[in-house]
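Undergrad: Sequence:
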Amino acid sequence: MADITQLPVMTARDAESIGFARFNDVPTLPIEIPDGNFTISARTSDGRRITFFFGEYERGAPPSFVDIQFHDNGTTIPNANGDTSPSFDLLTIGRGGRNAYDSRRHPPDEKPSIAVILLGPS
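In this note's numbering, the protein residues as written are 859 to 980.
Think of the hints as simulated: they come from the structure by calculation, not from any bench. Keep in mind that this is a model prediction, so the values were computed, not measured. All residues carry an ideal CB built from backbone N, CA and C; glycine is no exception. Treat the hints with care, as some may be off.
[Said to hold, decoys possible] Using C-beta positions, here's what the derived DEER-type ranges look like:
hint, residue 1, residue 2, range
1, Pro866, Asn931, 28 to 34 Å
2, Thr869, Arg962, 18 to 24 Å
3, Glu916, Asp967, 18 to 24 Å
4, Leu865, Leu949, 27 to 33 Å
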């Protein structure tokens, strides 16, 4: 089992004070992600599920990217393995609140099934 450190839920300000990033002034659950591959699976009170896969490029190294997948939109698309993956709408927010990408404009067969965030060097 991977060695993870999960701290109790705290204020965003308290999380920031111990070295975690702050995003919105809401309760925050800080988690230390271990080296190697690791998934966080979350569920809302009404049952909607989302996963965050922290992936490594080199075995045992700190994660280099995060794959995000929403599992309960009720739509799927073919994936690279010949199976299907859940699809969902996604938008990104850039400079001045501009939507740099908005999948709601795409037909169903062009919706994303995974959002990938690259964890560049710090």
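Undergrad: All the hints need checking, so say for each whether the structure fits it.
TA: These are the hints, each one checked on the structure:
1. Remark: the range hint 28 to 34 Å for Pro866 to Asn931 is upheld by a beta-carbon distance near 31 Å.
2. Here the CB-CB span from Thr869 to Arg962 is close to 33 Å, at odds with the stated 18 to 24 Å.
3. Look at Glu916 against Asp967: about 34 Å separates their beta carbons, and that is not inside 18 to 24 Å.
4. Separation of Leu865 from Leu949 is about 30 Å and conforms to the stated range, judged on CB atoms against 27 to 33 Å.
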